[in-house]
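Asks: Position chain B against the provided structure of chain A, taking the given hints into account.
Each chain, letter by letter, is given below.
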Amino acid sequence: MLRLGIAACALAVLALAEGFTFNLASPVASQDFHAKTAAFVFRTQGCAEPAKAQISGTAEGIVNGVHKSVALKIVSMSKPGVYAVYREWPAEGEWLVNLKGTCSDASAGAIVPIGPKGFIRESSKILQHPATEAEIDAALKALTAGGGK
Amino acid sequence: MLTRHPSPRLAAYIDRQLPARKARQTEIHLANCAHCRAECEQVRLGMSALEHLPVIEAPAEIWAAIERASQQRPARQPVMCGRWRLAFAALLILALVGAVYWALGNRSGIRWEVVRLAGSPVVGSQRIQAAGRIGAGEWIETDSGSSATVRIGEIGSVEVEPNTRLRVVVARPAEHRLALAHGEIRAKISAPPRLFFVDTAAGTAVDLGCEYALKVDADEYGRLQVTKGWVSFQWRDLESLVPAGASCRTRAQAGPGIPYFDDAPESVKQALERFSFEKGGDDDLSIILAGSRVRDTLTLWHLLSRVPAEDRGRVFDRIATLTPLPAGVSREQALKLDPQTLKLWKEELAWTW
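First to last, the protein sequences are chains A and B. The first sequence begins at 140 in the working numbering and counts up by one. The second sequence begins at 949 in the working numbering and counts up by one.
Chain A extracted, bound-state conformation (with noise of 0.2 Å):
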């Protein structure tokens, strides 16, 4: 019994030390069809409790030039710790979504570009950290010089 109990810890202690994080992917990977609109889906890994992870994002977008921002309703699937993000950001312009999240103390997000025909998955980034001003503006920037076709 000790053994199994110590065999749990040390599982348990595995799986946090990859990190918390993002795993992103088409709409399909929810097996909801409540998403079959979203524009992505995406679920929270290495987090010990995913219901009570704190999950948020905003569209970043160049539109004719100006940095415009959008905050984004990040909607709960029926499998814990699995979110769909919906098109709330209008269709002119260049846009990415960034993601932030936070499990516990770890803390996690993710740069999310999207293309004429839905999220970039090659282009995305997927972080330990919230996205810094700084990565935001290089993900628009790469996005803006064609990164994102």
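Errors might be hidden in some of the hints.
To be verified - Pair ranges (Cβ atoms, derived): (1) B:Asp-1147 with A:Gln-193: 41 to 49 Å; (2) B:Ala-1122 with A:Gly-204: 47 to 55 Å; (3) B:Ala-1200 with A:Ala-187: 49 to 57 Å; (4) B:Ser-1068 with A:Ala-284: 49 to 57 Å.
Said to hold, decoys possible - Which chain B residues stay away from chain A? Per the calculated CB distances, all over 12 Å, these: (5) Ala-1078; (6) Gly-1083; (7) Arg-1113; (8) Arg-1222; (9) Asp-1231; (10) Gln-1288.
Rather than coming from a laboratory, the hints here were simulated on the basis of the structure. Treat the numbers as computed from the prediction; the structure is a model and nothing was measured. Ideal Cβ placement from N, Cα and C applies to all residues, glycine included.
Replies: Same frame as chain A, now just chain B:
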């Protein structure tokens, strides 16, 4: 006039199985008895509905079981009358169930709106000028210059492309079912899964919350292309789960092929076509395995249960090199096609699709 009601004879009367004298007596009774006329109408409705029910082949073993049972029991001639009563009661129950089924399916008054998009689509024998209605059992047909939109109750719409023949099979709040004979439709459904179905000769497209195009060619090949959500395409014990961005070829009497992402390498798609419908072999499997990317684990996951048992290990190993195995998925269980293992694996792999 008959003094006793002819209830037990109504089915035989409708079926013209009564001797002439009895039939005449029944006729006279019905002319004078409203209760029996109503009952007769119910039985007639039920029998008519039964004629429309699909014939399902009884499993072979049932005949052997009946034969065994009949050999074990001694013949009981004197109870023939009782048996007839039982048979009639069963028939009456069936007729009533059939009548209810028929009434719900066809007489619910649910008729979906049809809006003309181009040309003159035809519903039944009527040309639709601007808008019309279509109900269960009716066909909508478009020629090369016409198209239309059918509003599927409260749950979405189906665009009927040119040169298409489509029938409404069931129009009920709990089941919306179409049958596509040939041509192409584009469905946009906003409803919980498994409320919208499209039957084809290659199987049934089951909506799991989605938007998709479904095409059936004259040569009986078809293609399902999903743009949002998931569609399950089922035929007998075959099922292809097709997510947004992916397609699946279909063929009459062969069912769904293996789904693939539309941006999959061309060599993989061609090998899949041969593998699914042209008895492709080892060479095609090798092409598919070698050409697959991480997101093509959608294809490989389906392939696992469709290759011969001796090839499953190759497919498993390829998936495992593309993505780490999640907790709870073991090689042994996957190769045995354990349903729980495959489901867990699919749900994890979907995060790369």
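Asks: Run every hint past the structure and note whether it holds.
Replies: Hints, verified against the model:
1. B:Asp-1147 with A:Gln-193: 41 to 49 Å: The hinted range 41 to 49 Å holds for Asp-1147 (chain B) and Gln-193 (chain A), with Cβ atoms some 47 Å apart.
2. B:Ala-1122 with A:Gly-204: 47 to 55 Å: holds, 53 Å
3. B:Ala-1200 with A:Ala-187: 49 to 57 Å: Check passed, 52 Å falls within 49 to 57 Å.
4. B:Ser-1068 with A:Ala-284: 49 to 57 Å: holds, 51 Å
5. Ala-1078: holds, 30 Å
6. Gly-1083: Given that every Cβ of chain A is farther than 12 Å from that of Gly-1083 (chain B), nearest at about 27 Å, it holds.
7. Arg-1113: holds, 29 Å
8. Arg-1222: Non-interface label stands for Arg-1222 (chain B): nearest chain A Cβ at 27 Å, farther than 12 Å.
9. Asp-1231: Holds: least Cβ distance 31 Å, greater than 12 Å.
10. Gln-1288: Given a closest Cβ separation of 15 Å, the condition holds.
Checked against the numbered hints above, the structure breaks none of them.
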